[in-house]
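Given the coordinates of chain B, work out where chain H should sit on it, guided by the hints.
Residue numbers (our numbering), protein chains in the order written: chain B, 14 to 209; chain H, 14 to 209.
Fair warning: there could be bad hints in the mix.
Identical copies go unnamed one by one, so any copy, or any two together, can satisfy a pair.
Simulated pairs of lysine to aspartate or glutamate, EDC-like, Cα-Cα distance not exceeding 20 Å [stated by the list, open to error]:
1) K207 - D181
2) K150 - D128
3) K150 - E108
4) K207 - D174
5) K150 - E104
6) K207 - E143
7) K207 - E21
8) K150 - D181
9) K150 - E21
10) K150 - E136
Simulated from the structure, these hints should not be mistaken for laboratory data.
Given next are the chains, with one letter for each unit.
Number of protein chains: 2
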Amino acid sequence: MNPNPSPEIPLLRGPVPLSHLLLRQFVHPGDRAVDATCGNGSDTLLLAELVGPTGRVWAFDIQSDAIGQTAQRLAQAGYAGQAECILAGHETMAERVTPGVSAVIFNLGYLPGGDRAIITHPETTLAAFEQALILLKPGGILVVTVYPGHEGGDHEGAVVDAWAAAHDPRAFHTWRMGQVNVPPSAPYLTLIQKVA
Amino acid sequence: MNPNPSPEIPLLRGPVPLSHLLLRQFVHPGDRAVDATCGNGSDTLLLAELVGPTGRVWAFDIQSDAIGQTAQRLAQAGYAGQAECILAGHETMAERVTPGVSAVIFNLGYLPGGDRAIITHPETTLAAFEQALILLKPGGILVVTVYPGHEGGDHEGAVVDAWAAAHDPRAFHTWRMGQVNVPPSAPYLTLIQKVA
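Next comes chain B alone, as it looks inside the complex:
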């Protein structure tokens, strides 16, 4: 008598399924959350599903294609009422998001299928990270997928790593989660949890 005979087993092929597994543990109905780089909208969609009709998601992107695609996917899924798509850089997050969010997610690098010249930059990225840590509630998480493989990505990764390692362990639990049997250019996850 197995009450749950075939639960979905997540396959941890790369950082995306791992980040989604983590978001599912930390974002709950009624919560607020931020997708700092909405891209094709798949993280926004998951966050909107998790916060539900009583929650709120803010999704940022500097490319109108990304905002349009995300808004369309949210509408199709019936989540339009609980998510806001904002055509602006994530470094404006603090002006727009209500503090006390459960999670903020970033995908660094360029928009998949988009213009590869439009990439995230360490200066604005770090500014947005700092804002994200302030906006998080205690126990909340900042989840960053770092792509060292594109041009400038290795430098961006090094900047993110140094920033993450510099935090007081009494205030933030800071993790690096990477696959070890893949090339060094493969993406990895940086996870920061606010303690209090």
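This is chain H only, laid out in the frame that chain B set:
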């Protein structure tokens, strides 16, 4: 109207809460699982809770104190019927465990509060890891907490890292999950998921 107003938020202070978070996603009622180093029994207890009365847990340790303590905790929690405590090295796992397990967990190093001269050794550890990978079902996970801080622990960690990195990425998703704002001697998690 929040259906789940105060869900428990796991605090990711070190590998233990992270390993428990992962086990909760991969071990379900009716499953089988292995605690390869039962120690004080806390991982065994979690696995027994997760597999439930229709599942099965095998718990190994070479120290009778550990086996006794684990059996007592299982009995107190009402899980005695679904877990077996085995006073034997985990390198005998293949002889005792039915294949198709969802998870195998190892805590390397010494028994907390026990004799620090009794530690895990790379040779038997790797032999048991190999058996664990064969016993896992597709999608199943091997979770290893590595403690580089004790004497011999840094060597053991290097052996585990090299072994983990050597696996074919088509067959195993292999991860290293470590905190970055702690000393290098701090424990970290090695996670290996069997693809098929």
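K150 and D181: within-copy, between-copy, both or neither at 20 Å Cα: within (17 Å within a copy, 40 Å between copies)
Alpha-carbon proximity context of K150 and E104, limit 20 Å: Only inside one copy: K150 and E104 sit 19 Å apart there, 44 Å across copies, limit 20 Å.
Homomeric proximity label, K207 with E143: Cα distance no greater than 20 Å: Answer is within; shortest intra-copy Cα gap is 12 Å, inter-copy 37 Å.
Homomeric proximity label, K150 with D128: Cα distance no greater than 20 Å: Answer is neither: 34 Å inside a copy and 41 Å across each miss the 20 Å cutoff.
Up to 20 Å CA-CA - E21 versus K207, copy category: between (29 Å within a copy, 15 Å between copies)
Same-copy or cross-copy closeness of K150 to E108 [CA-CA at most 20 Å]: within (17 Å within a copy, 48 Å between copies)
Intra/inter-copy verdict for K207 and D181 if alpha-carbon distance must be at most 20 Å: within (10 Å within a copy, 35 Å between copies)
Copy assignment of K207 with D174, given that the CA separation must stay at most 20 Å: within (17 Å within a copy, 29 Å between copies)
Alpha-carbon proximity context of K150 and E21, limit 20 Å: between (29 Å within a copy, 14 Å between copies)
Intra- versus inter-subunit Cα pairing at 20 Å for K150 with E136: Close neither inside one copy (24 Å) nor across copies (45 Å); limit 20 Å.
The structure does not agree with the numbered hints 2, 10 stated previously, though it agrees with the rest.
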